[in-house]
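Please put together the full structure from these sequences, using the hints given.
Number of protein chains: 2
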Amino acid sequence: MKKLLLAGGAGFIGSHLVDRLLKRNDLDMLVVVDSLWTGRAENVDHIRDQRLVLVRCEVEHFKSDFQFDEIFHLASPASPPVYMREPERTVSANLIGAMRLLKLLKKGGRICFASSSEVYGNPLVNPLPETYRGSVDCTGPRSSYDEGKRCTEALLFESNRVRGVDVRVARIFNVYGPRTRADDGRAVSNFIANALSGKPIVVHGDGLQTRSWGYVDDIVDGLERLFWLENFNHVGAVNVGNDREISVLEIAQYIAGLIPGTTIVHDDPAPQDPTNRRPDLTLCRRILPGWSCKVPYEEGLVRTLRWFEANGEIAEMRATMRSRAGNDRHDLK
Amino acid sequence: MKKLLLAGGAGFIGSHLVDRLLKRNDLDMLVVVDSLWTGRAENVDHIRDQRLVLVRCEVEHFKSDFQFDEIFHLASPASPPVYMREPERTVSANLIGAMRLLKLLKKGGRICFASSSEVYGNPLVNPLPETYRGSVDCTGPRSSYDEGKRCTEALLFESNRVRGVDVRVARIFNVYGPRTRADDGRAVSNFIANALSGKPIVVHGDGLQTRSWGYVDDIVDGLERLFWLENFNHVGAVNVGNDREISVLEIAQYIAGLIPGTTIVHDDPAPQDPTNRRPDLTLCRRILPGWSCKVPYEEGLVRTLRWFEANGEIAEMRATMRSRAGNDRHDLK
Chain A
1 MKKLLLAGGA GFIGSHLVDR LLKRNDLDML VVVDSLWTGR AENVDHIRDQ RLVLVRCEVE
61 HFKSDFQFDE IFHLASPASP PVYMREPERT VSANLIGAMR LLKLLKKGGR ICFASSSEVY
121 GNPLVNPLPE TYRGSVDCTG PRSSYDEGKR CTEALLFESN RVRGVDVRVA RIFNVYGPRT
181 RADDGRAVSN FIANALSGKP IVVHGDGLQT RSWGYVDDIV DGLERLFWLE NFNHVGAVNV
241 GNDREISVLE IAQYIAGLIP GTTIVHDDPA PQDPTNRRPD LTLCRRILPG WSCKVPYEEG
301 LVRTLRWFEA NGEIAEMRAT MRSRAGNDRH DLK
Chain B
1 MKKLLLAGGA GFIGSHLVDR LLKRNDLDML VVVDSLWTGR AENVDHIRDQ RLVLVRCEVE
61 HFKSDFQFDE IFHLASPASP PVYMREPERT VSANLIGAMR LLKLLKKGGR ICFASSSEVY
121 GNPLVNPLPE TYRGSVDCTG PRSSYDEGKR CTEALLFESN RVRGVDVRVA RIFNVYGPRT
181 RADDGRAVSN FIANALSGKP IVVHGDGLQT RSWGYVDDIV DGLERLFWLE NFNHVGAVNV
241 GNDREISVLE IAQYIAGLIP GTTIVHDDPA PQDPTNRRPD LTLCRRILPG WSCKVPYEEG
301 LVRTLRWFEA NGEIAEMRAT MRSRAGNDRH DLK
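Chains as they are written, first to last, in full-length UniProt numbering: chain A, 1 to 333; chain B, 1 to 333.
No lab work stands behind these hints: they were computed from the structure.
One copy or two, either will do: identical chains are not told apart, so a pair holds if it fits within one copy or between any two.
Below, in silico cross-link-like pairs of lysine to any residue (SDA-like), each with a Cα-Cα straight-line distance of 20 Å or less: (1) K103 / V55; (2) K103 / H61; (3) K199 / R186; (4) K103 / E60; (5) K107 / V165; (6) K103 / R85; (7) K199 / G185; (8) K63 / R51; (9) K23 / D45; (10) K103 / R161; (11) K199 / L258.
Values in this document were obtained by computation on a predicted structure and should not be read as measured data.
Shown next, in the form of structure tokens:
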């Protein structure tokens, strides 16, 4: 029986992956490490499984008496306002987190990393194959996340080259769905939160920038298949996302249509916000035959909206926003 | 009076910077931290200055009771064979090194970082302005260095954005000259070492790939002017290098001509070796008026050759090569 470790397991995508991992019969322990910086204990509250061990800890500082067969590294904020507020902590969670996790990996074990389409920056090609080397401003305001992901990929693939570690890296494109934080700061959750609060939906720029919106169940299906795969001979990252591109404005308009009385206003463009980003899924489809994002955005948005309504996220968000002003600054120390 | 810290001060470029720093009258202490991984105590052996304090320590682990007014981060291998052998340690020296150094910086202090033209990867434009975002394969065999430098730039510029730290980053192009290790693994030192040992000069590929070879005195002049500058309003990295492009083969032929009987042979191209790389110096010349690389390669190569001959580097290199096989592996632990 295997011992597994998931860093970031109380987060949005991480908690969905916990649900999937616990359906496996080949493990007797799943340790979830999460600092609850952006993850939330509520995301795993529903689980009644003796194999699950929850540890509240920054991944960089996690210590263990034993080593793990499979490690999943999803410990990172993904929300631009969060990582732009604490860039060093963001780099640290990704990169020093990965260094720490490599030390906890059994010889012959497997490490899986949630990278991001942000490694491509503001791309000059469309769609994006994994071979595209990216267009990231390494001195810009989004760089802690983008370069933190890139450097962590480098570290992991070098550990494969030098020491033969089994490395799986998914470059995840935009994801939305239940368990997103209402204050996450990305488009779908922002739009729904505003609309449910009776406020206008705020679209940055003209809204014609497009995204490949992947519903979380579809994305986690892809991660599960990539990360569980027994025989994996590919060395390199794999795009996981939806290749149907939809504009930010279309999403805003659809949500506005679901909640009567909602208006849309436009604001300044976000700094260094990419104008488009669509995965080339050729490699992904070769490795995971038959996989694709199956949930259309109209259905995904309705499911997400219902979850927000059912979980009282909006009231919680307002409380969070109030308390955050006071105590959510972490100085470098 | 100021307290200064230089990480990597026993290294090739670092030790030249130590010489320059000690000509300043406004400091009462210069702490040089060097692990001697690729630096050498001999490089600072000639110094008789009570203000100099040498500490043998990895920069990531350096602790100090006081903080520093100016910090110079040059602690990184720069030789491809070295960083490809120990990629995690390379990332760590650069990035965790920078995190550590930021903690040792006085409020209002200045941190200066030796970045590299490698942040541009195998570029698609020529010459290279600082705004070019690079073409680095973040999963490739050179990525620990390239992405380590990129991510460290990100960390530093984010510390400027979030906390107002005075950050100076030089993207240094190819440098050669006295105090290069004979076993450094880069072209000029390889060529000279082989020629002095009576072996053929080995050129990777056809040798038509070009480099902007900067003689170390010129490059350190540029660093000194950039790092010492009192009023510096630019936020972003600055290219420092020679913009006269010379082919690898031309350098090989010139060295062969200096040492009678030397032959040139060709070998496979190095992995992901850039085909050309020349700095756009527009920004550098605006910030440092009048600065340029003044030493022609013919003169710089002769000076470098004389230094190698005078310092018995070749005998030492042979000894190093023998001992290295036994004990120069550092596992991740």
